Amino acid sequence: MKSFRFWATSGLFAMLCILALAPRTTFATGSPRDVVRELSDAVIAVLQEKNLSADAKREKIRGIVQGYVDFSTMSRLVLARNWASLSDSQKAEFVEEFKQHLSVVYGKNVESYNNEKVQITGDRDEGRGDWTVQTKIIRPQGGADILVDYRLRQIDGSWKVIDLIIERVSLVSNFRSQFQEVMANGGIEKLLQLLREKNAAGQPLKS
Amino acid sequence: MPVPPLDQPSAPAPITERDPWEPFNRKIFWFNDKVDSYVLEPTAKGWNFVVPNEIQTCLTNFFYNLRFPIQTVNDLLQGKVQRAASDVGRFFVNTTFGVAGFFDPASSVGLDFQWEDFGQTLGWWGVGTGPYLVLPILGPSDIRDGGGLIFDTAASITPFFVNGYYLFAARSVDLINTRAIYADTIEKAKESSIDYYTFVRNAYLQRRAAMIRDQEAATAETQEDLYHP
Numbered sequence: 001m002k003s004f005r006f007w008a009t010s011g012l013f014a015m016l017c018i019l020a021l022a023p024r025t026t027f028a029t030g031s032p033r034d035v036v037r038e039l040s041d042a043v044i045a046v047l048q049e050k051n052l053s054a055d056a057k058r059e060k061i062r063g064i065v066q067g068y069v070d071f072s073t074m075s076r077l078v079l080a081r082n083w084a085s086l087s088d089s090q091k092a093e094f095v096e097e098f099k100q101h102l103s104v105v106y107g108k109n110v111e112s113y114n115n116e117k118v119q120i121t122g123d124r125d126e127g128r129g130d131w132t133v134q135t136k137i138i139r140p141q142g143g144a145d146i147l148v149d150y151r152l153r154q155i156d157g158s159w160k161v162i163d164l165i166i167e168r169v170s171l172v173s174n175f176r177s178q179f180q181e182v183m184a185n186g187g188i189e190k191l192l193q194l195l196r197e198k199n200a201a202g203q204p205l206k207s
Numbered sequence: 001m002p003v004p005p006l007d008q009p010s011a012p013a014p015i016t017e018r019d020p021w022e023p024f025n026r027k028i029f030w031f032n033d034k035v036d037s038y039v040l041e042p043t044a045k046g047w048n049f050v051v052p053n054e055i056q057t058c059l060t061n062f063f064y065n066l067r068f069p070i071q072t073v074n075d076l077l078q079g080k081v082q083r084a085a086s087d088v089g090r091f092f093v094n095t096t097f098g099v100a101g102f103f104d105p106a107s108s109v110g111l112d113f114q115w116e117d118f119g120q121t122l123g124w125w126g127v128g129t130g131p132y133l134v135l136p137i138l139g140p141s142d143i144r145d146g147g148g149l150i151f152d153t154a155a156s157i158t159p160f161f162v163n164g165y166y167l168f169a170a171r172s173v174d175l176i177n178t179r180a181i182y183a184d185t186i187e188k189a190k191e192s193s194i195d196y197y198t199f200v201r202n203a204y205l206q207r208r209a210a211m212i213r214d215q216e217a218a219t220a221e222t223q224e225d226l227y228h229p
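Respectively, the protein sequence lines represent chains A and B.
Each residue of the first sequence is one higher than the one before, counting from 1 in the working numbering.
Each residue of the second sequence is one higher than the one before, counting from 1 in the working numbering.
Calculated directly from the structure, the hints in this document are not laboratory data.
Just so you know, not all the hints are guaranteed correct.
[Unchecked claim] The list that follows gives simulated cross-link-like pairs (lysine-lysine, DSBU-like), each with its CA atoms no further than 30 Å apart:
| no. | chain 1 | residue 1 | chain 2 | residue 2 |
| --- | --- | --- | --- | --- |
| 1 | A | LYS117 | B | LYS45 |
| 2 | A | LYS50 | B | LYS34 |
| 3 | B | LYS27 | A | LYS190 |
| 4 | B | LYS45 | A | LYS108 |
| 5 | A | LYS117 | B | LYS34 |
| 6 | A | LYS91 | A | LYS117 |
| 7 | A | LYS50 | A | LYS117 |
| 8 | B | LYS45 | B | LYS27 |
| 9 | A | LYS136 | B | LYS27 |
| 10 | B | LYS190 | B | LYS34 |
| 11 | B | LYS34 | A | LYS190 |
| 12 | B | LYS45 | B | LYS34 |
| 13 | B | LYS27 | A | LYS60 |
[Unchecked claim] Over 10 Å on every C-beta distance to chain B, these chain A residues come out as not near it, computed from the model:
| no. | residue |
| --- | --- |
| 14 | ASP41 |
| 15 | ALA54 |
| 16 | LEU77 |
| 17 | SER85 |
| 18 | SER87 |
| 19 | ASP88 |
| 20 | GLU93 |
| 21 | GLU116 |
| 22 | GLN119 |
| 23 | GLU126 |
| 24 | SER173 |
| 25 | LEU195 |
Values in this document were obtained by computation on a predicted structure and should not be read as measured data.
In this text, a Cβ means the ideal position worked out from N, Cα and C, and glycines have one as well.
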């Protein structure tokens, strides 16, 4: 019993030392809250530009989002247990197609932008290196506010978005269950083919 | 039945998408989708064209106000005395100052609306969802929430005051109006999904789980599996 207490206290002491001495690189790039603020400010700035075509705006926003969202982590979470069964080239293709799918889907919102503002309403530590930032999209032209939570994870020293929870529905969970359904019936090839078709059909970007 | 502590909802199980009747559910889903594309969607489009947004909001307020008995009963069944008081307050403020409930001045004085129903109450008591269930016309549900719907219909006082035809007309207006308000959302959901049936099932179950917990993210309990698979 005594030795347990000894190890527990000295272990705790050692941990405190490490924590105290550890360089604060983890917060060098700003808190998760700052990251979400930056991201939404940057996107809204583009949306408010008057002399840009919708396509040009989409292209610009795509560039911005790329720097904030970790699509490969998101893809891994979406495929979950199935991820390991993919070959390297399938993984790479999936990340690309999934990213493209999200940009096609969300890119369509560019036209319907109507002076919405983003308000950060809170944030919380989720443990194991994850953080959630809660926001609200305020619609001055009427309509109920939209709740959007960002799940962030520290990857290579900076906070990256790994999931969006829109009106209490997690995007990762939602796509995971859809993709599981498709893969259960046709495997990864079927899923990739569906994504390719969908992306080709709904392509808002020229190419 | 075990009595839950009043200050804390009993921890719900992480969402599981149990769908043993999937082939049957998919048939009903297909049927609903047809009804939607041939009847509801076109009507809702016309509605959106004719009825201004402000009026649509007024109608939503009106129907929400009529939910007052259901809201209050379920607040109390979940031990939320403050919310029950707030819902009673809402009803009086909105019925009088809000002109029979068409406006919602209560929200601007801090009595905000938070949807409650018997399915949520059961969930709060710790009853699981049971298998997923698609109801004709009414759409996604599960055994628990479908049962809850029967209770809520019984708890609603309107049928005692209103003649059946008017009630049917009112329900139809409510349905079309709601469909019209969510027209864009539904269109985007269809476009963005790879498998729309699964999209709806997952979204429904996630949202319901979050509503039972009265919190904004549906992911707290499912974190482990979701974010560290």
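Now the hints, each set against the structure:
Between LYS117(A) and LYS45(B) the alpha-carbon distance is near 27 Å, which keeps this suggested pair within the 30 Å criterion. For the suggested pair LYS50(A) and LYS34(B), the alpha carbons sit about 41 Å apart, so the restraint of at most 30 Å is broken. Our distance criterion of 30 Å between C-alpha atoms is met by LYS27(B) and LYS190(A), whose separation comes to about 23 Å. The hinted pair formed by LYS45(B) and LYS108(A) meets the criterion: a straight-line CA distance of about 20 Å does not exceed 30 Å.
Note on LYS117(A) and LYS34(B): the hinted pairing is violated, with a Cα-Cα distance of about 36 Å set against a maximum of 30 Å. Among the hinted pairs, LYS91(A) with LYS117(A) is inconsistent with the structure: their alpha-carbon atoms are about 36 Å apart, more than 30 Å. Among the hinted pairs, LYS50(A) with LYS117(A) is consistent with the structure: their alpha-carbon atoms are about 17 Å apart, no more than 30 Å. Between the alpha carbons of LYS45(B) and LYS27(B) the distance comes to roughly 25 Å, so the proposed pair stays at or under 30 Å and holds.
Proximity of LYS136(A) to LYS27(B) is assessed by CA-CA distance (about 37 Å); at most 30 Å being required, the pair is judged violated. With a C-alpha separation of about 14 Å, the suggested pair LYS190(B) and LYS34(B) falls inside the 30 Å cut-off, and the hint holds. At most 30 Å may separate the alpha-carbon atoms for a hinted pair to count; LYS34(B) and LYS190(A) meet this at roughly 26 Å. The suggested pairing of LYS45(B) with LYS34(B) holds, with an alpha-carbon distance near 16 Å, which does not exceed 30 Å.
About 43 Å separates the Cα atoms of LYS27(B) and LYS60(A), which puts this hinted pair outside 30 Å; it is violated. The Cβ of ASP41(A) lies farther than 10 Å from every Cβ of chain B, with a closest approach of about 22 Å, so its non-interface assignment holds. With a cut of 10 Å on Cβ distances, ALA54(A) stays outside the contact zone with chain B, its closest approach being about 16 Å. Residue-level check failed: LEU77(A) sits 6 Å from the nearest beta carbon of chain B, not beyond 10 Å.
Every beta carbon of chain B lies more than 10 Å from that of SER85(A), the smallest distance being close to 13 Å; the non-interface claim holds. Every Cβ of chain B is farther than 10 Å from the Cβ of SER87(A); the closest lies at roughly 19 Å, confirming the non-interface assignment. Distance to chain B confirms ASP88(A) as a non-interface residue, since its nearest Cβ pair spans about 19 Å, more than 10 Å. Residue placement check: GLU93(A) keeps its beta carbon more than 10 Å from all beta carbons of chain B (closest about 15 Å).
Distance check for GLU116(A) against chain B: the nearest CB is about 13 Å away, which clears 10 Å, and the non-interface claim stands. Under the 10 Å C-beta cut-off, the non-interface status given to GLN119(A) relative to chain B holds; the minimum distance is some 13 Å. With a minimum CB-CB distance of about 6 Å to chain B, GLU126(A) fails to clear the 10 Å threshold, and the non-interface call is violated. Look at SER173(A): its CB is around 6 Å from the nearest CB on chain B, not clear of 10 Å, so calling it non-interface is violated.
Distance check on LEU195(A): its Cβ comes as close as 7 Å (rounded) to a Cβ of chain B, failing to clear the 10 Å threshold; non-interface status is violated.
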